[in-house]
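Protein chains in written order, with my numbering: chain A, 1 to 485; chain B, 1 to 485; chain C, 1 to 485; chain D, 1 to 485.
The hints are simulated quantities; they were obtained by calculation from the structure and are not laboratory data.
Just to be clear, a hint being listed does not mean it is correct.
For identical chains, the list gives no copy identity; a pair is met inside one copy or between any two copies.
Unchecked claim - Capping the alpha-carbon separation at 27 angstroms, the derived lysine-lysine pairs in DSS-like fashion look like this:
#1 Lys-411 x Lys-212
#2 Lys-176 x Lys-25
#3 Lys-212 x Lys-167
#4 Lys-212 x Lys-176
#5 Lys-167 x Lys-470
#6 Lys-470 x Lys-412
#7 Lys-56 x Lys-212
#8 Lys-56 x Lys-411
#9 Lys-212 x Lys-470
#10 Lys-56 x Lys-176
#11 Lys-411 x Lys-167
#12 Lys-470 x Lys-176
#13 Lys-167 x Lys-56
#14 Lys-25 x Lys-470
#15 Lys-56 x Lys-412
#16 Lys-176 x Lys-412
#17 Lys-412 x Lys-212
#18 Lys-167 x Lys-412
#19 Lys-212 x Lys-25
Number of protein chains: 4
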Amino acid sequence: MPMMNRDQYLDSLRSSDHSVYLLGKRLQNVVDHPISRPAAMAIAETYQQAEQDGSKGLYTTVSHITGEPINRFSHIQHSVEDLVSKVVMLRDMGRKTACCFQRCAGTDCINSVYSITFDIDRQYGTRYHGRFREFIRHIHDNDLIVAACMTDAKGDRSLPPSGQADKDQYLRVVEKTPGGIVVRGAKLHITGGVNSHELIVLPTRALQEADKEYAVAFAVPADTQGITFIYGRQPSDTRRLENDTPDAGNLYYGGCEALVVFDDVFVPEERIFMNGEYPFAGPLVELFAAHHRCSYGGCKVGVGDVLIGAAAAIAESQGTDRASHIRDKLAEMIHMNECLHAAAIASASLGRATPAGSFAVDPLMANVCKLNITRFPFEISRLAQDIAGGLLVTMPSLDDQQHDEIGGYIKKYMAGREGVDSDHRLRLLRLVENITMGTGAVSYLTESIHGAGSPQAQKIMILRLAEMEKSKDCAFHLCGLGPRE
Amino acid sequence: MPMMNRDQYLDSLRSSDHSVYLLGKRLQNVVDHPISRPAAMAIAETYQQAEQDGSKGLYTTVSHITGEPINRFSHIQHSVEDLVSKVVMLRDMGRKTACCFQRCAGTDCINSVYSITFDIDRQYGTRYHGRFREFIRHIHDNDLIVAACMTDAKGDRSLPPSGQADKDQYLRVVEKTPGGIVVRGAKLHITGGVNSHELIVLPTRALQEADKEYAVAFAVPADTQGITFIYGRQPSDTRRLENDTPDAGNLYYGGCEALVVFDDVFVPEERIFMNGEYPFAGPLVELFAAHHRCSYGGCKVGVGDVLIGAAAAIAESQGTDRASHIRDKLAEMIHMNECLHAAAIASASLGRATPAGSFAVDPLMANVCKLNITRFPFEISRLAQDIAGGLLVTMPSLDDQQHDEIGGYIKKYMAGREGVDSDHRLRLLRLVENITMGTGAVSYLTESIHGAGSPQAQKIMILRLAEMEKSKDCAFHLCGLGPRE
Amino acid sequence: MPMMNRDQYLDSLRSSDHSVYLLGKRLQNVVDHPISRPAAMAIAETYQQAEQDGSKGLYTTVSHITGEPINRFSHIQHSVEDLVSKVVMLRDMGRKTACCFQRCAGTDCINSVYSITFDIDRQYGTRYHGRFREFIRHIHDNDLIVAACMTDAKGDRSLPPSGQADKDQYLRVVEKTPGGIVVRGAKLHITGGVNSHELIVLPTRALQEADKEYAVAFAVPADTQGITFIYGRQPSDTRRLENDTPDAGNLYYGGCEALVVFDDVFVPEERIFMNGEYPFAGPLVELFAAHHRCSYGGCKVGVGDVLIGAAAAIAESQGTDRASHIRDKLAEMIHMNECLHAAAIASASLGRATPAGSFAVDPLMANVCKLNITRFPFEISRLAQDIAGGLLVTMPSLDDQQHDEIGGYIKKYMAGREGVDSDHRLRLLRLVENITMGTGAVSYLTESIHGAGSPQAQKIMILRLAEMEKSKDCAFHLCGLGPRE
Amino acid sequence: MPMMNRDQYLDSLRSSDHSVYLLGKRLQNVVDHPISRPAAMAIAETYQQAEQDGSKGLYTTVSHITGEPINRFSHIQHSVEDLVSKVVMLRDMGRKTACCFQRCAGTDCINSVYSITFDIDRQYGTRYHGRFREFIRHIHDNDLIVAACMTDAKGDRSLPPSGQADKDQYLRVVEKTPGGIVVRGAKLHITGGVNSHELIVLPTRALQEADKEYAVAFAVPADTQGITFIYGRQPSDTRRLENDTPDAGNLYYGGCEALVVFDDVFVPEERIFMNGEYPFAGPLVELFAAHHRCSYGGCKVGVGDVLIGAAAAIAESQGTDRASHIRDKLAEMIHMNECLHAAAIASASLGRATPAGSFAVDPLMANVCKLNITRFPFEISRLAQDIAGGLLVTMPSLDDQQHDEIGGYIKKYMAGREGVDSDHRLRLLRLVENITMGTGAVSYLTESIHGAGSPQAQKIMILRLAEMEKSKDCAFHLCGLGPRE
């Protein structure tokens, strides 16, 4: 089957029967509601780029299973070049949408499950890997979107899954039936789930034997019975409901997260990729985390590009672009943004083959990348707001420019330097507002902290992955203590 | 006349005839519209605290003009103790409202005009100081709110007022009539103007002789003909229009800024406090800036207290409060917050008498205070979001907890550790959202950068105020170069 | 007895019989050895300033015990003004010596012991406070230097004093004899001990009942039998042995620390100020720490002044002083330096009376001050090196300027802009080297981290001292959760 | 000719006749003087690693000119793999020596001159590239060390070379003679020059036509007549003169810089690689800078490894290694260190072929790398000192452990936790002292700021190299302003 184009994808969403609630109402379809539409459009852009001259080369590749052209977002990476291309593509998408386009978690997830199912099979003699290849074939054949579902509700975080008062605080197998299993629980913060065809579910942490029932990974269609999506609110989300929405800032695109409830959902045998092999929960989580932490050095950098570009354009509109302190702030913003990218490129460039033959990023660099991501976007946002000026939060609605009585005042007093009208200036400001305090801030700021694991998780991995013993050996030698026992 | 209580103040606003536009509609009164009400309530709290046992001692003092009790916000400070008490009061108000309560700019403005009019009179033989004392008597007698109007539209910032294509980009005298003057221009980002009885207008920068017509300071009632307020939008402002508004986060209070247009407004002689004495524009701006930069080390610190308290409470609700990294982050947040306060206290403690007899803060410390303010709230916000977790931006509407079909899911999966229900947890998260990405972020973040002057202004002052020559002398002596010529 | 002048003080050191070892040799006297002389001269400067017009007012005050004039360093503070004056004096001394002048630990120590002995007496009916007043009278009468001896060897830091394999890892009472006690142990990093007349010893941490024998505080003359000082090495210390020492950078002054060994030292009854009252070890340590953490916001700021002055003078000598990035760096350096001072001033300004009548600084602000001290001097040093240029570490010996063959090259190629000869430039660079990598770095950098307690100690105190419960209450109220139980 | 081994290299230095002055004395040879020996030994280690099993693979490659094995430090890079391998090798060397091993500037320089001479020839029809290939053949045939000589004296930095009062403040051609040119001037901060066989001289900045005589590049043997090296002093350099030097901290290795004076030095025609083609001065400087800025993400990271290893080992020796704040600090140190490496790896991985066929690093990432280098080592040093404790700067000489009278005290009171003697602990501390305040700090700290260009140079390049117009285009589109004109 040929790849879908953007409209075919949007139609596929329109015809989906998944159960999505937004502000207390069940949505007819996610594409045509003003609040959810931008998120669908962002992910749709991954189809658009794949069919468009200029970007097609970057956004498509060849399936290692079917040998047919596929969207790179669905690719199982098999070389360093693949790993690097993904990062470059993510930055490009970030630049084109200035939001979370939601598709990379799926990419990173399938690459991780692909590799770990191979490892499980080697250890346990199971057949997960073959099943998963068939699943991927299905994705490739039909050009589908896959969402990764990882984070559990967690309840009391000081307790393990099996220690919770409510056993469902982590998703688990509640029944084994002929031909499959029944699962219950919820996955939080699921990015793009409402815009996906398939959901892959995996554990959220390393597990012990007592937690065996939680060691489960599988895939189900998004409209499977028992699954409910509850849309998350975002700052200023209802501006999308206003006329023409110029105050939305980012006019076309947005991200979305949802709570995904699995209320006794049946999973057929052939879609189960882990079931009880708890020692592999940790490695699966870590591999997914490594891939995904590297990805953030693509997408967030693209959003950063837009923010930096907007700040620079605002400075020009106000006549401050030659001031040395403005130039210094722009240089710092670019520097931080490129630092984020550097670690992602390094992580990809130092990638290595897994036993399954697919390629994995360098985990130390991936964690270094993500730890920076938890910090720099806040600094970049601060500097963008610094350059933008206070008008960022005191300007009236853009619609007020057309108002009979006050429109003239706004046009007169909010124009920039000669030749720059108020609309030009205010729209750029609204874009900065969107990314730093509006719907865009959800992914650019908060998700940058917590997505793919919170900062403390990266610190733990960094400590574990560094070659500390080698470093100590060098120190001992150089100060004359000789070799360590 | 006795001091007003909260309700009298709110009624005085209701009966005001000022022209205020919000989202394209003229407001009947600012108190009873859901979006503007929280701002009125925040400033009203300054009346409430002044009549309430417990806080009354801090919030009131005695007028040096009338000898009667007054609200401390209207006080002309006459001692170090006065300066320190103001900072302490501002922190207390910040803690009680978690927003910009809008009244301190007026406080700092009247203290500055009080002092500088004295200096102008000494130099030019004018009579501004006496007039201004009468104005203050009026304020004290009637317990009124004064808003400071400083920032002009500025047009092309690389050009001076007199060099702009549109001469009105800075407010100016356009006509001198018998008994007064007529002014035109606009003042941007005016905090609390819509909730004030009187507006004091002053220049926004140092001026040269060519800019003489811009060297004007005066006071007019907020409902003077020719004055129009255009309300600024804030992130998530329309959540206030939703039922019961629990998603607003901060349920009761908020800040507000407006564009204030002066369209040929007449100012009577006795309300003019500067008119052409351009060499004093710079000193007036600097003194106001110093007072106000010190104030930020009060109010923002109080908001920071709430944010830190909320983050700590969220950690407790999730069972992470004993984790060493959480404790470390809280310590850092407190540390930064107290640093902000420290410089304000130092600035007040090192205050000195002005020629007029009132007291001024130490300007170096005030600038140090404000420069920190332009940075730390962003860091504190980042850490608050780190502690809060991703749910901060992915949680559904709080109303959804009551929903027939999905309410149960939310209650089950968004509860915290044992004994903590979802409402408890989600409300605290909404408060953090408010301060870091919602209406509260306007003042806690962006205004922290630009209010009372942008960071570059502070750097320039810091360089100018430091005793660099003395430091160089010490260096020369110590390395054997002897005294400098 | 009248106060000593500088020469009398130096003579008093020359005639001291204390046992001091430096680089394996016992010193005849500390004043006349090239390596130890600068440290003696720095502390001597506290006498010089007290007798000199101009500074006398700041450096002297009146004894609350004898009613006679005393050096402010020996004063028991009895007002906020006293607390502030101390900080201002310390900054002045730092500026005049650019090093650790060693006397403030003693000041802070006597103020702490003064207060806590009062508290112990109230609790236990002991007579320590009266004894301590007599000790202070002795100090005041004879204008003596007191060194504080606190930090123990500590052995394995994960174990308490009584849990150590070697019981002497913390100083303790090993014998009670008629008329006194015998103590054994060592105190590390003792600042200025070799230049002091008296040593006060106190515990280094909170203690439990099992550690009772370690709960001991007392004073002994520095030349008491059984006490040995072992001088610490500093970077580039032996440059002081070179001819005329221009490469020393700071030509006249320096700091010093020593290991002080107490090898069964007898302490007479009247010099014991705590002996077994272990519950007061913690409060004593904390009070001393608070006083001393505040002090750092004086002395280090003064050293920072010199470093900033030197950097600015170097920029002038090289023609870079007008470059915007240089000015920005200087502004940042000043800003950080004044931040350090701000918290010290705030800590002093918010000081309160103790039960004994003396005044204590605000402990929260004192800890905030010190935590900044553990960080900013490193940043200031980095910026100073940035402004200075690479020559800082690649210049030849200053003596080489006089060399027959190569002197001309150095003079020609290391001169600065017109009118600035190489000696001018190189001496300033040597001063920066001294403070950032030489003998001065000992106190400006490393001691800034660890002196008065390491950063982690400040974080623990900050968490403990902040009004967290009040902040949580505010958060609960504002988001609609109502009062907390 | 086969490659030299370490001893052959050291002998080649011993037999060199170059004129080197150290502390006013002309050195007989640099290998056998205690102060200069460690620098020679560090560079000698590049020979040792190339002959040793285990490291040989990384340290050698094949000459693209001779087809023979060569040391990788002399290689003209011809692939991304070459670029990455260089960075990896530099980190390895940094880890093995904990100092500046001085050879990479030469590597980066020959790669730059190789490429730019090709470009000059294309533009001017000159024959520099062929000559330079012959020079490289000479280097490869004889396995020689090349030092890069770039930084001029600069005089008044606000003036160009031709505007200086003393024309020699930048090195220039003073005479053209048959068969060559005569040059005069000085090159500062020349790393490893005293340990090199050949010097390559190139301009230090972009030049205008008026500066034509300064547009000169060439190579000469280090012992050419008219060349004088004046050794730079380092903190604690004379500790190398003490017995057995355990207090040196880094017992075997060190870096060195020298002032290199060219007092009318003759350069034969065939060694001239640029002579008047001023438009290529800028590109040559930028290309060298890019290569060298990337290199810093190798060598400094290796030194960082040792520092981190030493800090971790000290924590273990004191029983603090399990404390959460210590672990957090180590994680931060590693994180920063790997960030430095990440940008270097990214810069190499994104490298591209030059017209000459050799490969150049990505310049944006190289500048990003270097800008981090100007900051993080200071932070890492601060954290290392934090973990190390105050003993770092208060410990006596290590020799004192053997002292009859005081040795026992030191052994007793400076031992660590059980099983760790004082020597173990103190040696590790001395190593940390060396890197953060001793001879090692020269390259780890100050040179990290200024080597390969000061931070402001990186900021300018970052602003210039970022794709700002593309970013602005995206911003315009997303906020509805449509395509920019």
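Hints, one by one, checked against the model:
{"no.": "1", "hint": "Lys-411 x Lys-212", "result": "between (65 angstroms within a copy, 26 angstroms between copies)"}
{"no.": "2", "hint": "Lys-176 x Lys-25", "result": "neither (34 angstroms within a copy, 61 angstroms between copies)"}
{"no.": "3", "hint": "Lys-212 x Lys-167", "result": "within (12 angstroms within a copy, 49 angstroms between copies)"}
{"no.": "4", "hint": "Lys-212 x Lys-176", "result": "within (14 angstroms within a copy, 63 angstroms between copies)"}
{"no.": "5", "hint": "Lys-167 x Lys-470", "result": "neither (43 angstroms within a copy, 35 angstroms between copies)"}
{"no.": "6", "hint": "Lys-470 x Lys-412", "result": "neither (66 angstroms within a copy, 30 angstroms between copies)"}
{"no.": "7", "hint": "Lys-56 x Lys-212", "result": "neither (44 angstroms within a copy, 49 angstroms between copies)"}
{"no.": "8", "hint": "Lys-56 x Lys-411", "result": "neither (42 angstroms within a copy, 45 angstroms between copies)"}
{"no.": "9", "hint": "Lys-212 x Lys-470", "result": "neither (36 angstroms within a copy, 43 angstroms between copies)"}
{"no.": "10", "hint": "Lys-56 x Lys-176", "result": "neither (45 angstroms within a copy, 58 angstroms between copies)"}
{"no.": "11", "hint": "Lys-411 x Lys-167", "result": "between (59 angstroms within a copy, 15 angstroms between copies)"}
{"no.": "12", "hint": "Lys-470 x Lys-176", "result": "neither (48 angstroms within a copy, 51 angstroms between copies)"}
{"no.": "13", "hint": "Lys-167 x Lys-56", "result": "neither (47 angstroms within a copy, 52 angstroms between copies)"}
{"no.": "14", "hint": "Lys-25 x Lys-470", "result": "neither (58 angstroms within a copy, 39 angstroms between copies)"}
{"no.": "15", "hint": "Lys-56 x Lys-412", "result": "neither (45 angstroms within a copy, 45 angstroms between copies)"}
{"no.": "16", "hint": "Lys-176 x Lys-412", "result": "between (70 angstroms within a copy, 24 angstroms between copies)"}
{"no.": "17", "hint": "Lys-412 x Lys-212", "result": "between (67 angstroms within a copy, 22 angstroms between copies)"}
{"no.": "18", "hint": "Lys-167 x Lys-412", "result": "between (62 angstroms within a copy, 11 angstroms between copies)"}
{"no.": "19", "hint": "Lys-212 x Lys-25", "result": "neither (37 angstroms within a copy, 61 angstroms between copies)"}
In terms of the numbered hints stated before, the structure departs from hints 2, 5, 6, 7, 8, 9, 10, 12, 13, 14, 15 and 19, listed from lowest to highest.
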